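Student: So the protein sequences, as listed, match chains E and H.
Residue 335 in our numbering sits at position 335 of the first sequence, and the numbers go up by one each step.
Residue 419 in our numbering sits at position 419 of the second sequence, and the numbers go up by one each step.
It is worth saying that the hints were derived from the structure and are not from the lab.
Remember, predicted model here, so these are calculated numbers, not experimental data.
Where hints are given, some of them may not hold.
Some chain H residues near chain E, calculated using beta-carbon distances under 10 Å [to be verified]: (1) Val64; (2) Gly65; (3) Thr69; (4) Thr70; (5) Leu306; (6) Leu308.
Here are some chain E residues the structure puts well away from chain H; computed CB gaps all over 10 Å [stated by the list, open to error]: (7) Asp74; (8) Asp90; (9) Thr92; (10) Gly98; (11) Phe216; (12) His262; (13) Ala265; (14) Arg285; (15) Ala417.
Positions of the beta carbon are idealized from the N, C-alpha and C atoms, including for glycine.
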Amino acid sequence: MHFVRDRKKLISRRHFLRGASGAVIALPLLDIMGCESARTGDLVAPRAAALDPGGELNPRRLCIVVQPNGTLRDEWFPRAGAAGAATETDFTLNHIMGGLERHRSRVTVLKGVHNRLVWGGHFHGTASLLTGTDPTFDPDTGAELPESQVRGLSISVDQAIARHIVATDRTAPADLALALGTMNQTGSGIHDVSYTGPRTQATKLWNPVLLWERLFSTPVGDDDGSERRRRRRASILDDVRDDYVRLQPKLGRTDRERLEQHVDAIREIERRLSVTTRECSTPLRPNAEVFGDFWQFNHRLPEALDLTYELIRLAFACDRTRVVTLLMRMEGQSGGEITFPWLGIGKASDPDNANCGTEWTRRPDCEPNAVCNDRCQGPESTEHHALSHYEHHPGAYEKLKRINRWYCDQFAGFADALARTTEGTGSVLDSSVLMYTSGIARGDHSVDDMPFLLVGSAGGRLRTGRFLDYGRSGRSHNDLLLALLHAFGATDATFGAPAHNGGPLPGLLA
Amino acid sequence: MSTELVGAFIDDAEQLAELLVDRDRVAAFAGCAGAASFDAECARSFVRELGLRAWRRPLADEEVGALMTTFERERSEGSRYALESVVTRLLSAPQFLYRVELGDVSRDDGRVRPLTSYELASRLSFFYRGGPPDEELLDAARRGVLDDPSALRSQVRRLVFGPDGDLDPRSRAQLDSFLATVAGQDAIATYARGPGLDQELGPLLGEEVRRLIEHVVFVEGGHLPDALHTGYALVNGPLAEHYGLVGPTGDEFEIVPNDRHVGLLTQGGPLVAAGHGVNPSIVMRGVFILERFACVLFPPPPPEALELAANLPPELTPRERVELHSEAPACAGCHRLIDPVGIALSHFDGLGRFSERYVDGEPIDATARLEGFDFEGPISGAGDLAASLAASEDVAACASAWIFRFAHGRIPGDVDACTIEHTLRAGDSLVDQWLAVGAMSSFRFIPSPEAS
């Protein structure tokens with residue numbers, strides 16, 4: 001053997017753990033090298049975060065709120081700013097978003113983002129909204145599906161983000177993605193926005209009692225394992241660190257350094273524990289008699305939305321979930337007439353007949369009826385979907401303006417509550433992104449220039465305080481869904497139908 | 001140690017503590033039955049008993065004392081909670097998560113010191129069983145009998161072979177893990193998923209390697225070099241069809257004597273791993289075989305060599321390309337060793353299929369002259385190469401070095417040559433060498449801190 005004389009260099013080093021000659025610590029019990037290399041990708045974020053303690057260590061959250069029946073574009077898109085025509089940073093929030101003025105620096109309004117997948121319509125718009133797929137045709141036969149059979153053809157962005165979080169964050173709660181709705185029906189595209197896979201809707205929690213049972217039946221605090229572990233961990237990590245420090249002087253230099261890394265990691269965990277103190281408490285169980293079935297009944301909507309938003313806020317604050325999608329009411333008219341007696345628009349509908357809405361479509365007159373309070377198809381209607389078809393009529397327009405403002409005000413109140421909920425050195429809102437949208441753009445069922453409004457930066461991953469107008473040619477809404485996915489750390493090249501992807505929406509990601 | 005990993009260890013320690021601190025378990029372990037809460041004496045006794053298993057040695061009084069400060073501090077939260085806290089600490093400690101080997105200071109001769117008997121028990125158990133020592137081994141450590149060579153040998157035999165004389169499953173798993181490492185099963189699995197391989201064949205290539213080595217080691221009682229030159233293929237129906245062999249047709253593996261497919265080197269798995277995919281590169285094959293089976297580590301090519309390689313005329317055959325190496329001094333130093341090994345395998349395509357001719361119809365020339373080792377000389381084809389390697393002392397020494405490395409977690413150094421030569425005797429079967437590891441002085445002694 002003439003070529004390599006030094007046997008120390010003989011075997012390629014990659015195949016085994018390296019232990020220095022005379023190792024005091026020969027082999028850790030677990031395969032550290034394997035684990036570390038598998039986790040290399042995760043190391044980057046916490047290290048970078050250490051430079052900016054402003055909430056970076058808090059979990060990122062997503063809440064998507066879907067309002068039915070589109071919006072009024074002249075009351076939605078921002079108006080001229082101080083210096084003239086609206087620009088990216090100089091603009092005035094329009095009437096519907098008036099309630100968000102106090103969050104202006106956190107708001108991003110998008111214009112020129114189109115749903116290019118479908119012709120429009122409540123069913124198709126809703127099914128494609130978060131899936132980025134065209135649900136019009138049967139994927140197997142290619143036949144055009146009846147509206148009742150329309151469903152999203154892929155996982156929706158909220159569920160995809162949840163899966164990414166589960167795969168990359170070992171501290172993530174088990175119950176990661178919740179789909180909330182207001183009707184106990186499911187099935188066609190109109191009923192659901194959240195999909196766990198092709199044509200497979202996420203199980204929908206359709207009232208606040210179900211939501212509470214899912215998230216809070218194990219109370220927060222002493223009886224909750226995670227909180228108890230947190231307390232114990234904080235108190236004994238000091239002891240554990242001492243155990244490492246005491247051993248170090250007995251070791252050689254290499255091993256001392258190895259344990260020093262361990263000690264550093266313990267210090268980092270202690271630091272994270274100290275900054276992630278949460279404002280978290282167990283809410284009371286909602287009254288099942290009032291709320292267990294309420295969303296069938298129109299007149300409870302204000303209380304029900306309040307309660308739902310509060311439960312979402314606590315679920316975020318207690319880290320019981322990270323992703324929530326809320327379909328505030330169903331698109332269109334099926335499943336009940338939607339009136340707004342608290343705004344002076346119509347009377348409360350009768351709980352005994354949840355199907356008034358489907359009935360009025362057959363009646364062209366506005367004759368009052370003992371059961372259904374509104375059977376009117378025309379601009380005099382007091383029903384949201386019926387009104388939405390008459391936005392050119394001044395009376396209907398004025399009502400729609402109030403309805404849209406009211407929905408958005410509830411959303412703004414939710415943002416307020418998250419901003420008030422402190423977490424570490426920031427607020428829960430700082431680490432979240434809330435997206436407000438609708439299944440269609442306007443009452444005429446069109447889906448170009450969709451209403452998309454973001455509040456929050458997802459912990460600094462999104463640029464905010466902006467009006468991003470992609471112009472007439474615009475961008476496909478798949479690009480927005482992909483950008484959201486990237487804001488949560490995924491690196492997928494496309495989302496939904498590949499043909500409608502042009503890369504993550506420019507200007508949105510920080 | 002990443003923060004995430006340390007966090008995971010602490011998570012696990014907490015969850016284990018909650019499971020372990022159960023009244024019946026504490027009672028059985030510490031002998032304080034019936035108590036509604038754990039008093040300090042009961043907790044202390046539990047910590048000692050659990051500590052012996054978790055730290056794999058008895059705890060010193062001051063260590064128990066330090067752990068009990070946690071108990072006293074957390075006691076206001078309830079004695080169970082306090083004991084869980086102590087156990088979490090015990091299971092997060094370096095003595096649990098690492099194998100701490102300080103050696104027996106009292107027997108230090110200024111150059112080396114022996115491991116303490118508990119440290120040796122741990123080394124034996126982690127090597128032979130892949131886990132912490134069992135009660136019998138801990139007891140042998142307590143009695144100090146592991147210093148006695150025959151007691152040590154009988155403990156090793158007990159760890160390796162079960163009561164019926166067959167390999168203990170845990171010890172077999174350690175051997176399998178070793179064999180998979182040496183055979184490069186990770187690389188085979190990685191590259192057998194790549195382009196040019198169908199989904200059925202890919203996993204079979206690793207399976208074929210595993211079965212051949214296991215047959216040589218466990219059925220024939222041989223060693224790794226014997227697997228290089230078996231004189232037969234061990235294939236099932238799909239593999240026989242892939243190689244064009246007349247042999248089994250079903251899923252069962254059978255021995256098919258053959259003078260072309262003569263062992264490990266002509267199998268698709270190692271060839272795919274060598275070529276990083278379906279790639280019959282002469283150079284990559286040579287490097288792969290010499291690194292793995294002759295324990296050579298080649299430096300990366302010098303810049304001049306890379307430049308030469310980038311500017312070769314494209315019409316050259318693979319063999320003509322490598323022959324140019326000998327004309328360039330920057331290349332020749334390594335390639336006179338590497339190229340003949342790769343050339344000898346020229347009849348085998350990227351997936352191990354034999355052919356007589358190059359793609360252009362010219363007959364394949366697999367003659368070469370091996371250089372630089374004790375397997376020097378003219379050869380023709382894979383059969384000659386395999387026979388040379390299987391008979392080589394350099395290759396046998398490399399096989400022993402693999403065992404040393406797996407057992408010690410380090411590359412053998414000059415100082416280890418003597419102990420390897422004396423303990424891992426050339427000519428012994430792999431299993432015999434394996435059994436001899438526990439008695440190696442390098443396995444039982446560590447350098448004095450002053451000496452290192």
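Student: Confirm or reject each hint.
Tutor: Comparing the hints with the structure gives:
| no. | hint | result |
| --- | --- | --- |
| 1 | Val64 | 13 Å, violated |
| 2 | Gly65 | 13 Å, violated |
| 3 | Thr69 | 7 Å, holds |
| 4 | Thr70 | 5 Å, holds |
| 5 | Leu306 | 20 Å, violated |
| 6 | Leu308 | 21 Å, violated |
| 7 | Asp74 | 50 Å, holds |
| 8 | Asp90 | 43 Å, holds |
| 9 | Thr92 | 45 Å, holds |
| 10 | Gly98 | 44 Å, holds |
| 11 | Phe216 | 22 Å, holds |
| 12 | His262 | 5 Å, violated |
| 13 | Ala265 | 4 Å, violated |
| 14 | Arg285 | 27 Å, holds |
| 15 | Ala417 | 31 Å, holds |
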